[in-house]
Amino acid sequence: MTPLLSLAARSAWNRRFVLALVVAAIALSTLLLLGLERLRQDLRANFQQAVSGTDLIVGARTGPVQLLLYSVFRLGNATNNIRMASVDAIARHRAVAWVVPLSLGDSHRGFPVLGTGTGYFEHFRHGEKQALRLAQGRAFAGTPAGLYEVVLGAEVARRLGYGLGARLVLSHGDGALAANDHADKPFTVVGILAPTGTPVDRTLHVDLPAIEALHLDWAAGAPLPGQAVSAAAAAAMDLTPRRVTAALVGLKSRAAVFSVQREVAAFRDEPLLAILPGVALDELWDVVGLGERGLQLMGGLVAVVSLAGLVAVVLAGLNERRRELAILRAVGAGPRQVLALLALEGTLVTAAGVALGALATAALVAGLGPWVQAQYGLTLRLLPPGSAEWRLLGAVLAGGVLASLLPGWRAYRLSLADGLSPRT
Amino acid sequence: MNAPPAADPVPAPALALHGVRYRWPGAAADAIDLNELVLAPGDTVFLRGPSGCGKSTLLSLAAGVLLPQAGRVTLLGTDWAALRPAARDRLRADHLGYIFQQFNLLPYLSVLDNVRLPLRFSPRRAARAPAGSAEQLLAATGLPRRLWTAPAGGLSVGQQQRVAAARALIGAPEVVIADEPTSALDEALREAFMALLLERCAAAGAALLFVSHDARLAARFGRVVDLPAINRAAGVAAEA
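Heads up: the protein sequence lines correspond to chains R and E, in order.
Start counting the first sequence at 9; every next residue gets the next number (the numbering used here).
Start counting the second sequence at 4; every next residue gets the next number (the numbering used here).
Hints are not guaranteed to be accurate.
[To be verified] Here's a subset of chain E near chain R, in silico, CB distances under 8 Å, partners left out:
1. Trp27
2. Ala89
3. Arg95
4. Leu109
5. Pro110
6. Leu112
7. Leu120
8. Pro121
9. Trp151
10. Thr152
11. Leu188
12. Glu190
13. Ala222
14. Phe224
[Said to hold, decoys possible] Covered, in the sense of this in silico footprint (three residues per stretch, anywhere, with C-beta under 8 Å from a C-beta of chain E), are these stretches of chain R:
15. 13 to 19
16. 337 to 346
Just so you know, the hints here were simulated from the structure itself, not pulled from any lab data.
Glycine included, every Cβ here is placed at the ideal spot set by N, Cα and C.
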C-alpha cells in the first residue's frame, strides 16, 4: 500500500488546484459540523451554568420551563406574582437555609431590572457554584439611605458605557413608552459585577424596596395623576414589598429538596410552584434541542453536498487520467491497485479537508471566542475534540472514503476496458 | 541470468503466440488472427505494420492485458489465460518492460522516480535492480544529470522516450515490448534512441518485440516480421 500511497499523494499534488477546491469544500462542511457541535455543547454548558447552588425556585403556578425562563433568564413575563407573605412563610420552614426574593418587570434601555435583597449577592451561584464578584464598587446598601442604588451586570455597564456614580432612570415594563419612565426617581450606580457568562451580565440589580418606591404612585401599570410621591418622601415611607415575582430557595440539606418541593406545591394560601433548577434546565434544553437537531441535519447535508463535489471532480478528471492509468497498468499495477489509487486519493483529499476544517474550527473558536462572549454572553471553550467531535470527523472521513470508491470503480472499469491503449 | 524456469530442460520461449484470435467486443470481425509468433530469449524482433493492422491489440495480448478468444499466449512458458487477474499483473510487473509511442512518464514524478516505477510493483525486479541501477540506466541514455531529479513533465519528447527505455529495462525483465517508440522522434533522435534500446536490451539479455511502421529501422534487428503477412484477420490484409 505504501508505494500506492505516495503515488496517490504525488498525483493529487499534481492536480492540487482543482483538488484544493474540494478540500476547501470539505473543510467548510467540517467547520460547519464541528462549529455547530461546539456551539451546541457550549450553549448547553452556558445554560446549565446560568444558576447553581439554588435548590428550588418558587413562583406562581405555571410551567416549570416558563418559571425558569422568567426568573433566571429574564425571558417572557410572569403570569402572576406571589405574595411576600408566602415567601416569608417558606423562609421560616425548618429545612430552608435562605430565601432570596426576585421582583422583575421594569427595565432600563432594554435590559431587565431585578429587584432583590442583599442576600442575592451572598447566595446566588452560577457555573461551578461560583459566587457573584464585584469588579468595581460595592453591592447596594439595602438601607433606606441607599434606596436608589443600582448594581450593574458586566454587559450592561459595558454596552451602555456606565461607570460608578453614573445616574440612570428605570422604565416601567419593557420601556417601550417614554411616558412610562420612572424619571422622578433616578438611580446611582454603586457597583459593577464581573462577567459571568449568564443572564446576570444583562441585569440591573436594585434593592427590593426601591421597586416598591417606584410604584407607590402607580396603579395598573400607569402613573396616578396628581399623586406623585417625591423620591425623598418615598424613601421615608414603609416600603415593605407585598408581592414579588419569584424566590430562590437554598436548603440546609439537599436531601430535603423533594419534601420541601411538595410542601410548597401544597401551600394553602395561594397556588405556588417550586422547581429544581437542574431538572427545569434539562426540560428547557429538550425544547431548544429540536432546533438544534435541525441545525445538525443542515450540517450533515452540507457535508453530503461537499462529498458529492469530491466525486464529481475526481470523476470529471478521470478521462484525462486514462493515460496515467495505462502507464501504471504497463508497469504492473493491477486494476485493483488502480481502484485503490483512486480511493486513496479521495481519502487523502477528505482527510486533508477534515484536518483543515478541524484546525479552522479551533482557530475560529480561539479568534472569535472573546467577541462571541462580549456580544452574546456565550462562552466558547477551546477544547480538544471529544467523542461527539471524533464521531463527526469519522463520519465525514468514512463518507469521503465511500464516495471515492465510485471514481475508483469507474477507473477500474476503464483500465480493464482500455488495457494498454487508452482510447481517449 | 535470463534462464527460464529451472524445471524446463529446453529453454521456454520468452514470448510465444500460437493460433491466436481476438475480436473486440461488439466488433464485426477479428482484429487478430495469427498462426504463430515466437521470441526466443534474447531475440530482437521487428514487427512491421501500418497503422490499423492490429498492432496495439497484438501487444495488449502479448502483455496479457487482453486474453485471446482462441489460442495461447505465453510469457516465459506461462499461459496468460491460466492465471488469475492479479497473477497476470504480477507476471507482467516481474518480467515485462513496456514502452509506449509517447506519454510514457507520469509527469508528477521525477525522472528517477519514473525509472524506478516498476520496482514499486515488482519485488522481483526490485531485487534484481541493485542500488544505483536507475542512475546507471539514465547515465546510459545520455540525459543530463541535472534533469534526473526534475519532474518528468518538463522533458522533451525525445528525452521522455529515452527515460521510458530506461524504465522498461530496470530490474532486467526478460521481455521488452516497444509500441512505435520512435514515431514522435526526428531522425537524429530516432537513431540515438534505437542504438540505446538495442544496446541495453543486449546488455540485459532481454528479448525485444519492437513494433513500427518505419521499415528503415528493420535492419538493426535480428528478425523482421511483417504483421499483415502473419495476421489473417479480415480487412487487414487489404490494407497491407
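Status of the hint placing Leu109 (chain E) at chain R (closest C-beta pair under 8 Å)
Interface hint status for Leu109 (chain E): holds (6 Å vs cutoff 8 Å).
Given Thr152 (chain E) as an interface hint, is its Cβ closer than 8 Å to any Cβ of chain R?
Result: violated, 14 Å to nearest chain R Cβ.
Minimum beta-carbon distance criterion (8 Å), Leu120 (chain E) to chain R:
Cβ of Leu120 (chain E) sits 5 Å from chain R, so the hint holds.
Given a cut of 8 Å on the nearest C-beta pair, is the interface hint for Arg95 (chain E) held or broken against chain R?
holds (5 Å)
Under 8 Å, Cβ to Cβ, is where Pro110 (chain E) needs to be relative to chain R, so tell me if that hint holds or is violated.
This interface hint holds because 7 Å falls under the 8 Å limit.
Using 8 Å as the Cβ threshold, decide whether Trp27 (chain E) counts as touching chain R.
Interface hint status for Trp27 (chain E): violated (10 Å vs cutoff 8 Å).
So, as I understand it, the hint says Glu190 (chain E) touches chain R; can you test that by seeing if any CB pair is closer than 8 Å?
At 26 Å from the nearest chain R Cβ, Glu190 (chain E) fails the 8 Å test, so the hint is violated.
Hint status (Cβ of Trp151 (chain E) to nearest Cβ of chain R, threshold 8 Å):
violated (16 Å)
The hint names Ala222 (chain E) as touching chain R; please verify it with the least Cβ-Cβ distance against 8 Å.
This hint is violated: Ala222 (chain E) lies away from chain R, its Cβ roughly 27 Å from the closest one there, beyond 8 Å.
Using the nearest Cβ pair, does Leu112 (chain E) come within less than 8 Å of chain R?
Result: holds, 6 Å to nearest chain R Cβ.
Against chain R, run the beta carbon of Phe224 (chain E) and see if the smallest gap drops under 8 Å.
Violated, because the Cβ-Cβ distance from Phe224 (chain E) to chain R comes to roughly 22 Å (cut-off 8 Å).
Given as covered by chain E, does the stretch 13 to 19 of chain R meet the bar of three residues or more with CB within less than 8 Å?
Contact hint for the stretch 13 to 19 of chain R vs chain E: holds, 3 residues under 8 Å.
Comparing the model with each earlier hint shows violations of hints 1, 9, 10, 11, 12, 13 and 14; every other hint is respected.
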